[in-house]
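Protein chains: 4
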Amino acid sequence: MGVRVAIIGASGYTGGELLRILSLHREVEVIAATSREYAGKPITHVHPHLRGFYANMRFMDVDLDKILRADAVFLSLPAGVSLQYTPRILESGLKVVDLGPDYRLKNAEDYVRWYGFEHPQPDLLKKVVYGMPELHREELKSAELIASPGCNSTAAILALIPAVKEKLIDLDHIAIDVKVGSSEAGRKPTAGSHHPERDNVIRPYEASGHRHVAEVEQELSALAGRWLKIAFTPHAVGCIRGALATAHTWLVEGADEKAIVRAFASCYGKEPFIRIVRGPPVGYPDPKYVVGSNFADVGFAYDERVGRAAFMAAIDNLMKGAAGQAVQAFNIVMGFDEREGLLTPPLKPA
Amino acid sequence: MGVRVAIIGASGYTGGELLRILSLHREVEVIAATSREYAGKPITHVHPHLRGFYANMRFMDVDLDKILRADAVFLSLPAGVSLQYTPRILESGLKVVDLGPDYRLKNAEDYVRWYGFEHPQPDLLKKVVYGMPELHREELKSAELIASPGCNSTAAILALIPAVKEKLIDLDHIAIDVKVGSSEAGRKPTAGSHHPERDNVIRPYEASGHRHVAEVEQELSALAGRWLKIAFTPHAVGCIRGALATAHTWLVEGADEKAIVRAFASCYGKEPFIRIVRGPPVGYPDPKYVVGSNFADVGFAYDERVGRAAFMAAIDNLMKGAAGQAVQAFNIVMGFDEREGLLTPPLKPA
Amino acid sequence: MGVRVAIIGASGYTGGELLRILSLHREVEVIAATSREYAGKPITHVHPHLRGFYANMRFMDVDLDKILRADAVFLSLPAGVSLQYTPRILESGLKVVDLGPDYRLKNAEDYVRWYGFEHPQPDLLKKVVYGMPELHREELKSAELIASPGCNSTAAILALIPAVKEKLIDLDHIAIDVKVGSSEAGRKPTAGSHHPERDNVIRPYEASGHRHVAEVEQELSALAGRWLKIAFTPHAVGCIRGALATAHTWLVEGADEKAIVRAFASCYGKEPFIRIVRGPPVGYPDPKYVVGSNFADVGFAYDERVGRAAFMAAIDNLMKGAAGQAVQAFNIVMGFDEREGLLTPPLKPA
Amino acid sequence: MGVRVAIIGASGYTGGELLRILSLHREVEVIAATSREYAGKPITHVHPHLRGFYANMRFMDVDLDKILRADAVFLSLPAGVSLQYTPRILESGLKVVDLGPDYRLKNAEDYVRWYGFEHPQPDLLKKVVYGMPELHREELKSAELIASPGCNSTAAILALIPAVKEKLIDLDHIAIDVKVGSSEAGRKPTAGSHHPERDNVIRPYEASGHRHVAEVEQELSALAGRWLKIAFTPHAVGCIRGALATAHTWLVEGADEKAIVRAFASCYGKEPFIRIVRGPPVGYPDPKYVVGSNFADVGFAYDERVGRAAFMAAIDNLMKGAAGQAVQAFNIVMGFDEREGLLTPPLKPA
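Protein chains in written order, with the working numbering: chain A, 323 to 672; chain B, 323 to 672; chain C, 323 to 672; chain D, 323 to 672.
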């Protein structure tokens with residue numbers, strides 16, 4: 323059959339995307355999909371687009387006996403909930419890919435500051451691998467616990483890896499301006515997600531310090547070799563899928579357009595899911611061109627007059643920003659072709 | 323290697339979808355993609371979402387010598403243009419799938435009425451097969467020339483096949499109300515497709531007699547065994563992909579909900595790309611749930627009080643309404659699994 | 323000073339529109355706006371777009387002592403709730419404009435069938451005036467209790483008045499297909515109104531018999547002089563504001579395009595808020611052109627080949643479909659210029 | 323009667339908005355509206371939403387004899403075209419409000435750099451007033467030629483006036499990230515504005531140096547008392563109306579949240595069209611809440627951890643960003659109430 327996979331928290335958008343991707347994955351069998359709210363209901367009750375797939379499968383409540391029959395487990399749960407399941411699953415020798423924030427930060431005390439809880443498993447934080455293949459491919463090969471990055475963080479980090487790694491920018495003045503679609507906030511209706519309220523917005527939110535900046539600072543600081551403080555302001559805009567990070571930076575003496583081009587080529591030239599965008603016809607990254615796919619389109623605008631550059635990364639927040647990147651990391655962990663299940667081209671126009 | 327395929331007219335939306343689907347098709351190699359306007363430019367100049375696919379391929383002008391090295395040809399061209407190429411391609415023994423309207427109507431004189439030109443190849447019209455597998459699967463197996471249905475027509479016909487075939491409705495009062503997204507009008511900008519003008523519309527168009535009604539009447543009349551005159555009114559609505567046909571009908575004596583359910587099961591129970599929708603949670607077909615896929619979701623609303631039923635079919639106009647259905651028919655013609663290249667689940671939310 | 327007005331149920335979208343319109347009304351002073359949920363909060367807490375208007379006003383709970391100091395009361399409440407307040411307000415001599423369904427149907431027993439409750443005030447139903455000026459302007463002048471029409475009903479009735487009144491159509495085969503934006507469902511978030519779920523839909527709902535058909539049959543039957551049974555199928559489509567009714571009909575012997583044109587001119591030629599659309603450039607009514615205004619654009623498509631016509635009316639569902647029409651009726655009742663507060667042109671592009 | 327106004331260039335979106343606003347203006351009569359392309363056609367041919375307004379008016383070609391009968395002229399023309407008309411109109415003693423860029427920059431040589439032409443009327447540049455009342459109200463009172471600001475510039479400048487004027491920020495590190503709706507690009511269809519291409523984008527454009535930065539630097543430098551170089555990156559996002567500027571800045575020693583609040587109050591407390599946003603319920607400015615109105619909503623996010631602030635301004639790009647601001651300046655010039663014609667509340671939800 324193939325590798326057996328369980329999904330804990332399969333009724334949300336990320337869970338739906340995991341189910342969709344894994345239906346295309348030739349090495350995998352999904353043996354369990356859990357949902358507290360929809361336990362007993364068919365998968366297609368919540369994900370009607372999947373009618374014809376997972377035909378006889380129903381959501382189950384979390385039953386660790388059944389889940390432990392899997393070889394690997396994806397967790398897609400609200401902050402704090404993965405903590406309940408992960409230790410037991412790891413002890414049983416399964417691989418764990420957690421799509422939530424519970425293991426993304428290395429320093430336990432950061433959980434108090436950013437998430438408001440004391441992390442109960444500081445030892446696990448030491449062995450987790452942050453699941454971004456572009457930064458941690460080698461470590462992923464032997465990882466047991468993977469913390470899959472947040473969507474805003476993924477766009478922000480991918481935009482800045484070349485500039486930070488190649489020391490092209492003033493590290494004290496980095497302002498990341500993120501724009502995201504409505505699916506990022508998940509499947510639960512709120513006053514702010516109500517269609518008449520949410521459509522057509524250009525709405526800053528958590529503009530003074532979104533939680534995702536903690537991951538961004540952690541990963542880029544590691545690259546930079548010193549601790550960075552980064553300005554980070556997300557905005558909700560009028561689409562369903564897509565996130566664009568625009569990182570506003572000032573260039574150091576000697577850094578010019580050619581240096582930036584070289585940095586992108588050196589960092590991303592061989593990456594299977596990074597596409598470097600240098601127009602025409604399309605001048606800059608735009609999530610429009612990655613919808614439904616695991617690609618991240620990256621690029622930059624160089625403004626010689628002002629001595630600055632804007633670095634950009636465009637992703638589908640549910641794919642490279644969530645389920646797609648998680649499967650990419652899972653493929654590395656399991657020794658599969660990194661692209662398995664993920665080679666569907668983007669959908670356009672959409 | 324596999325079967326060699328050429329696409330004449332590959333720069334439009336339907337051409338882009340053919341390229342996208344065929345990149346997933348394991349039996350096919352695309353050897354040529356033409357575009358008069360973009361000849362010499364990379365495929366990705368027009369279809370930036372396909373960066374990373376067809377990496378070294380460029381559009382070529384129509385060069386029949388090269389095209390005739392293929393085994394089959396898809397044509398995706400404006401009305402009247404396929405006529406120039408089809409006879410020569412057929413003579414060379416290639417299979418032809420025409421996604422335009424040039425061969426959809428059986429009666430040559432209908433081209434004068436509906437398309438404003440005298441059909442120059444009435445003999446070809448006799449051997450063409452209308453490429454809807456749900457109606458003509460057997461004939462498709464030995465077809466040489468396939469006229470792939472229009473998008474509005476596909477939704478309209480699929481909605482009504484069970485009711486007409488099983489004689490459930492008053493054939494003199496059928497009003498089909500179609501709602502479609504903006505991609506249906508193709509890739510060429512017009513005053514009406516300009517974003518500020520097109521977004522948020524609920525805009526009737528060609529409301530007194532859209533050309534697609536000719537195909538609808540032809541196919542449903544053949545099923546009914548008598549000639550039908552059908553009211554047909556399309557509306558442009560605010561999405562990019564998707565078409566919904568709502569066929570308003572009155573039931574004949576004796577026809578009730580059970581009879582309708584039976585008719586759907588009997589017509590569509592074994593169809594690989596038709597999904598019968600009976601809520602909850604989703605009560606009726608909605609193109610939202612088929613985006614990016616070749617599925618048609620069908621269903622109905624039964625109104626006992628008024629003695630009528632509304633039959634519905636929801637498709638992605640570029641997929642089951644164009645490129646997807648064309649590949650489905652092509653698969654049948656070539657003896658492949660009908661679903662090859664088409665089993666990607668719909669994308670949702672999108 | 324001017325006439326004192328109270329709004330019971332002012333936190334919803336219709337309430338917000340009443341507040342917006344009345345801020346432009348030169349004869350009116352809003353003395354109270356109620357909201358159970360938001361009592362004590364500033365108006366702008368719920369309606370942030372009104373910052374700078376109603377600057378010091380807060381929602382209050384329903385306090386009849388205060389409300390009875392008004393001269394007229396608008397009620398914008400869920401089905402069944404107006405019943406609690408209306409008799410007492412009427413007894414005190416105030417005019418009442420109810421924007422909900424509690425008094426729209428003349429026959430008390432219809433409330434059991436369509437709304438699931440026994441109407442407790444059948445006597446009031448006898449004196450209520452259905453608040454559509456195009457049908458009941460004279461009665462409105464002396465009305466005390468006005469039942470303001472539903473939005474779907476308004477579009478449907480306005481589309482069909484000329485054809486029914488002038489006896490142009492087969493009354494036994496009328497199918498009304500309505501398309502509406504997301505604001506119609508009100509301000510309360512639901513699973514179906516969640517932006518990622520609601521955007522891009524073409525979603526039939528209550529397709530076998532929406533409650534609004536009861537009003538439509540009542541009013542059109544009165545015009546026809548016999549009881550009509552009408553097929554009625556609404557669809558949610560991808561915009562926020564706007565409703566289009568497309569009424570599919572078959573013409574009686576002798577009815578032709580000229581007769582239809584005459585009927586429209588005779589019924590609507592002098593109406594201040596009805597605009598007859600005969601393209602080009604815009605061929606048919608489209609709610610896009612009435613956004614934010616009280617206009618209803620009406621028109622038709624004549625299909626000689628099939629012997630049928632599609633009659634259309636396009637409205638802003640919150641304006642002519644709710645708050646605008648209510649203020650128009652109120653103006654008539656109070657003896658003001660019917661257009662007072664309502665002469666803002668539509669907003670476009672929007 | 324009132325003041326006679328002519329509009330040169332009335333067929334675009336800004337022209338349409340001028341017509342819409344002036345229909346509400348009690349002191350004004352529009353005596354001419356020109357359009358080269360649509361001369362002779364009714365106003366409503368191009369602006370169908372205005373049916374019922376300007377009922378017998380047609381576009382005329384530019385005929386200066388007729389135009390000079392006006393008291394004031396609005397010009398809404400592509401870059402370079404106003405130059406042809408303005409001197410002659412001024413000589414005749416009319417007031418001119420130019421909504422294009424031809425007179426916005428004080429230094430003639432800047433036209434070579436930013437617009438690619440040598441400015442032929444450097445003397446006029448000395449007497450023009452930049453038409454932003456929040457900066458130049460006093461000068462406007464006696465102005466003859468008003469250069470009405472660009473939309474992106476308006477949002478950017480309004481976001482930063484308090485911080486620059488009160489010296490709260492590091493003037494060497496200002497990055498302005500603008501997000502705008504599709505109407506900003508005007509009424510002419512292009513490949514990039516085609517609905518299937520434009521909807522759902524998050525698309526950086528002219529990201530290395532948009533022309534509007536020239537005005538922004540000019541006006542903010544004047545406030546700062548030294549020359550500023552500002553990073554400026556606009557993005558097209560998925561709505562029709564609306565522009566949000568997010569200005570990323572770092573605070574100087576001693577500047578804190580209180581200082582920012584004071585600066586906003588001192589700069590904007592008495593401005594009739596500036597609304598300071600300090601949530602809840604709505605935390606930051608969002609163009610959603612100003613649609614169809616002349617308001618600019620301003621606010622900020624203070625990030626103590628990083629020592630920075632993001633300043634924001636949200637406008638309707640066609641109103642405060644174009645026609646609305648132009649009428650506001652015109653009102654000041656003519657001695658009318660500054661708010662005349664502009665007091666319509668925003669439309670929401672829309």
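In case anyone wonders, no lab produced these hints; they're calculated from the structure. Mixed in with the good hints, there may be bad ones.
Note that the list lumps identical chains together, so a pair holds whenever it fits in one copy or between two copies.
Straight-line alpha carbon distances no greater than 35 angstroms define the calculated DSBU-like cross-link-like pairs of lysine-lysine that follow [said to hold, decoys possible]:
hint : residue 1 : residue 2
1    : Lys388    : Lys489
2    : Lys580    : Lys487
3    : Lys592    : Lys363
4    : Lys551    : Lys388
5    : Lys388    : Lys592
6    : Lys510    : Lys448
7    : Lys388    : Lys487
8    : Lys363    : Lys448
9    : Lys463    : Lys428
10   : Lys580    : Lys363
11   : Lys551    : Lys580
12   : Lys510    : Lys487
Just so we're clear, the structure is a prediction, and the values are computed from it rather than from any experiment.
Here is what the structure says about each hint:
| no. | hint | in the structure |
| --- | --- | --- |
| 1 | Lys388 with Lys489 | neither (49 angstroms within a copy, 50 angstroms between copies) |
| 2 | Lys580 with Lys487 | within (15 angstroms within a copy, 38 angstroms between copies) |
| 3 | Lys592 with Lys363 | between (43 angstroms within a copy, 24 angstroms between copies) |
| 4 | Lys551 with Lys388 | neither (44 angstroms within a copy, 56 angstroms between copies) |
| 5 | Lys388 with Lys592 | between (39 angstroms within a copy, 33 angstroms between copies) |
| 6 | Lys510 with Lys448 | within (33 angstroms within a copy, 45 angstroms between copies) |
| 7 | Lys388 with Lys487 | neither (44 angstroms within a copy, 47 angstroms between copies) |
| 8 | Lys363 with Lys448 | neither (38 angstroms within a copy, 49 angstroms between copies) |
| 9 | Lys463 with Lys428 | within (19 angstroms within a copy, 61 angstroms between copies) |
| 10 | Lys580 with Lys363 | between (56 angstroms within a copy, 25 angstroms between copies) |
| 11 | Lys551 with Lys580 | both (27 angstroms within a copy, 22 angstroms between copies) |
| 12 | Lys510 with Lys487 | neither (38 angstroms within a copy, 43 angstroms between copies) |
The structure is inconsistent with the numbered hints 1, 4, 7, 8, 12, although it conforms to all the rest.
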